[in-house]
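*Asks:* Please take these sequences and the hints and turn them into a complete structure.
These protein sequence lines are chains A and B, in that order. Counting from 1, one number per residue, gives the positions in the first sequence under the working numbering. Counting from 1001, one number per residue, gives the positions in the second sequence under the working numbering.
Simulated from the structure, these hints should not be mistaken for laboratory data. Hints may contain errors.
[As the list claims (entries may be wrong)] Pair ranges (Cβ atoms, derived):
id: 1; chain 1: A; residue 1: Ile-194; chain 2: B; residue 2: Glu-1113; range: 43 to 51 Å
id: 2; chain 1: B; residue 1: Arg-1153; chain 2: A; residue 2: Leu-195; range: 36 to 44 Å
id: 3; chain 1: A; residue 1: Arg-155; chain 2: B; residue 2: Val-1169; range: 40 to 48 Å
id: 4; chain 1: A; residue 1: Thr-182; chain 2: B; residue 2: Ser-1002; range: 24 to 32 Å
id: 5; chain 1: A; residue 1: Thr-182; chain 2: B; residue 2: Arg-1106; range: 25 to 33 Å
id: 6; chain 1: A; residue 1: Ile-174; chain 2: B; residue 2: Lys-1055; range: 30 to 38 Å
id: 7; chain 1: B; residue 1: Val-1126; chain 2: A; residue 2: Glu-8; range: 22 to 30 Å
id: 8; chain 1: B; residue 1: Glu-1113; chain 2: A; residue 2: Pro-71; range: 44 to 52 Å
id: 9; chain 1: A; residue 1: Pro-108; chain 2: B; residue 2: Asp-1079; range: 16 to 24 Å
id: 10; chain 1: B; residue 1: Arg-1122; chain 2: A; residue 2: Asp-15; range: 48 to 56 Å
id: 11; chain 1: B; residue 1: Leu-1059; chain 2: A; residue 2: Glu-116; range: 18 to 26 Å
id: 12; chain 1: A; residue 1: Gly-172; chain 2: B; residue 2: Gly-1129; range: 39 to 47 Å
id: 13; chain 1: A; residue 1: Glu-8; chain 2: B; residue 2: Asn-1009; range: 41 to 49 Å
id: 14; chain 1: B; residue 1: Val-1126; chain 2: A; residue 2: Arg-192; range: 28 to 36 Å
[To be verified] Subject to a maximum C-alpha distance of 27 Å in a straight line, what follows is the list of computed DSSO-like cross-link-like pairs (lysine-lysine):
id: 15; chain 1: A; residue 1: Lys-123; chain 2: B; residue 2: Lys-1149
id: 16; chain 1: B; residue 1: Lys-1149; chain 2: A; residue 2: Lys-196
id: 17; chain 1: B; residue 1: Lys-1160; chain 2: A; residue 2: Lys-14
id: 18; chain 1: B; residue 1: Lys-1140; chain 2: A; residue 2: Lys-123
id: 19; chain 1: B; residue 1: Lys-1053; chain 2: A; residue 2: Lys-105
id: 20; chain 1: B; residue 1: Lys-1056; chain 2: A; residue 2: Lys-99
id: 21; chain 1: B; residue 1: Lys-1055; chain 2: A; residue 2: Lys-135
id: 22; chain 1: B; residue 1: Lys-1182; chain 2: A; residue 2: Lys-196
id: 23; chain 1: B; residue 1: Lys-1149; chain 2: B; residue 2: Lys-1130
id: 24; chain 1: B; residue 1: Lys-1140; chain 2: A; residue 2: Lys-188
id: 25; chain 1: A; residue 1: Lys-105; chain 2: A; residue 2: Lys-123
id: 26; chain 1: A; residue 1: Lys-168; chain 2: B; residue 2: Lys-1055
id: 27; chain 1: B; residue 1: Lys-1160; chain 2: A; residue 2: Lys-168
id: 28; chain 1: B; residue 1: Lys-1160; chain 2: A; residue 2: Lys-123
id: 29; chain 1: A; residue 1: Lys-196; chain 2: B; residue 2: Lys-1136
id: 30; chain 1: A; residue 1: Lys-135; chain 2: B; residue 2: Lys-1149
id: 31; chain 1: B; residue 1: Lys-1056; chain 2: A; residue 2: Lys-105
id: 32; chain 1: A; residue 1: Lys-99; chain 2: B; residue 2: Lys-1140
id: 33; chain 1: B; residue 1: Lys-1136; chain 2: A; residue 2: Lys-188
id: 34; chain 1: A; residue 1: Lys-99; chain 2: B; residue 2: Lys-1055
Glycine is no exception: its CB is placed at the ideal position from the N, C-alpha and C atoms.
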Amino acid sequence: MEEWDEIEVPNNVKDIFVEMKNTAELMVDLAYSSVLFQEKEIAEEVLELEEYLDLLNYHLMVKAVLAARSPKEAEQITAILQMGRAIDEISNAAADLAKMVLEEKLHPVVRDVILESEETIGKVQVSPESILVGKTLEELDLATNTGVWVSAIRRGKRWIFDPDEDTKIMPGDILIGRGTRTALDYLKEIARGILKVMKHE
Amino acid sequence: MSELDEIRNCLVEMKDLSALMVDLAFSSVLYNSEEIAEEVYLLEEKMDDLTLKVKKLALRAAKSEEDPESLLSIIDLADINERISDAAYAIADIILRDIEPHPIIRRIMEDTEEELGRVTVRPGSVLIGKTLQQLKLPSKIGTRILAIKRGTRYIYNPGKDDVIQEGDVLIAVSSDMDKLRKLAGEEVEEEE
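*Replies:* Below, the structure written as structure tokens:
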């Protein structure tokens, strides 16, 4: 694990676990995005996150083992380890999904499935007239206000994966998000500048 | 219906179910609920059936497909969703094996980006009498209802025509659970 020495990992069981769950969810979203849009760069990001998640799981195991002070606690901790392993398995599945893009052999039905599922993935282009421009993701809170979870932003030639709350939306940004079709259509209207307010009636 | 149409329908169902199962599995651990864990177990069996069905259909479709090898990606997608559902089952299994979850698990679930929660619909709530289609909770408040507990019975993965009733307990995943709590008429402690 030497090459990962530089990477910062949260230092308690709870924070590591939260990071693992968030990362695995992000990976699944990005993996489906990479398949839908045939974007190898997104697929490669998923594979990098998979290594990061392995590292997190390793730290979770070490910390969890150290935390047990009694047989009862030890039993409870096995539950945490089992959940860690399950999350790791979800991330492995996401990585294999992303690998499908890199191997270039996708049947068109695969894309249809992503588009037709309850929660799908969409690309949302931000026009200069949109009220989104110049605001941070924290200010916008798109997940709550529109039901769309933004997992990546394409800015010019560059990708911003897992944008944080301080990320500001710029004109021309392409947001990759997960949500129901209604939610994605709603965000698209806001991003096009058609809707000038983000509050529902 | 052609084999490919049938495959598409199965895979859409699998993708939706595997996502639901992960959320339900975490909910079962969070609330130490054997009932929800049992549902994950039943859905897992359904996923196994769907996986086998997709594989059989793909083999049949191969006869008429110009590039039969491209069907491998379909089988891969089924496998990937099946593995996600297996992982969900492994989480729910903690509850089915009667291990008392570690107290930090509850705190973990409150701190993840997608928060899980259980909200009771109080008398006078604006949600009462409305269908999920009318409420559009996913786009309006970023909330998906995973299950409705009505009396002793659960309605899993409620559809657009399901109507919310007074006393329903909503199991939901949300970016901001307080929004749902307010709509349900629960008292919410204001932050700050």
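*Asks:* Now tell me, hint by hint, if it's right for this structure.
*Replies:* Hints, verified against the model:
| no. | hint | result |
| --- | --- | --- |
| 1 | A:Ile-194 - B:Glu-1113: 43 to 51 Å | violated (28 Å) |
| 2 | B:Arg-1153 - A:Leu-195: 36 to 44 Å | holds (40 Å) |
| 3 | A:Arg-155 - B:Val-1169: 40 to 48 Å | holds (43 Å) |
| 4 | A:Thr-182 - B:Ser-1002: 24 to 32 Å | holds (29 Å) |
| 5 | A:Thr-182 - B:Arg-1106: 25 to 33 Å | holds (32 Å) |
| 6 | A:Ile-174 - B:Lys-1055: 30 to 38 Å | holds (36 Å) |
| 7 | B:Val-1126 - A:Glu-8: 22 to 30 Å | violated (44 Å) |
| 8 | B:Glu-1113 - A:Pro-71: 44 to 52 Å | violated (34 Å) |
| 9 | A:Pro-108 - B:Asp-1079: 16 to 24 Å | holds (19 Å) |
| 10 | B:Arg-1122 - A:Asp-15: 48 to 56 Å | violated (34 Å) |
| 11 | B:Leu-1059 - A:Glu-116: 18 to 26 Å | holds (23 Å) |
| 12 | A:Gly-172 - B:Gly-1129: 39 to 47 Å | holds (44 Å) |
| 13 | A:Glu-8 - B:Asn-1009: 41 to 49 Å | holds (44 Å) |
| 14 | B:Val-1126 - A:Arg-192: 28 to 36 Å | holds (30 Å) |
| 15 | A:Lys-123 - B:Lys-1149 | violated (35 Å) |
| 16 | B:Lys-1149 - A:Lys-196 | violated (38 Å) |
| 17 | B:Lys-1160 - A:Lys-14 | violated (36 Å) |
| 18 | B:Lys-1140 - A:Lys-123 | holds (19 Å) |
| 19 | B:Lys-1053 - A:Lys-105 | holds (21 Å) |
| 20 | B:Lys-1056 - A:Lys-99 | holds (24 Å) |
| 21 | B:Lys-1055 - A:Lys-135 | violated (47 Å) |
| 22 | B:Lys-1182 - A:Lys-196 | holds (25 Å) |
| 23 | B:Lys-1149 - B:Lys-1130 | holds (16 Å) |
| 24 | B:Lys-1140 - A:Lys-188 | holds (14 Å) |
| 25 | A:Lys-105 - A:Lys-123 | holds (23 Å) |
| 26 | A:Lys-168 - B:Lys-1055 | violated (45 Å) |
| 27 | B:Lys-1160 - A:Lys-168 | violated (35 Å) |
| 28 | B:Lys-1160 - A:Lys-123 | holds (25 Å) |
| 29 | A:Lys-196 - B:Lys-1136 | holds (20 Å) |
| 30 | A:Lys-135 - B:Lys-1149 | violated (39 Å) |
| 31 | B:Lys-1056 - A:Lys-105 | holds (20 Å) |
| 32 | A:Lys-99 - B:Lys-1140 | violated (34 Å) |
| 33 | B:Lys-1136 - A:Lys-188 | holds (17 Å) |
| 34 | A:Lys-99 - B:Lys-1055 | holds (20 Å) |
In summary, the numbered hints that this structure violates are 1, 7, 8, 10, 15, 16, 17, 21, 26, 27, 30, 32.
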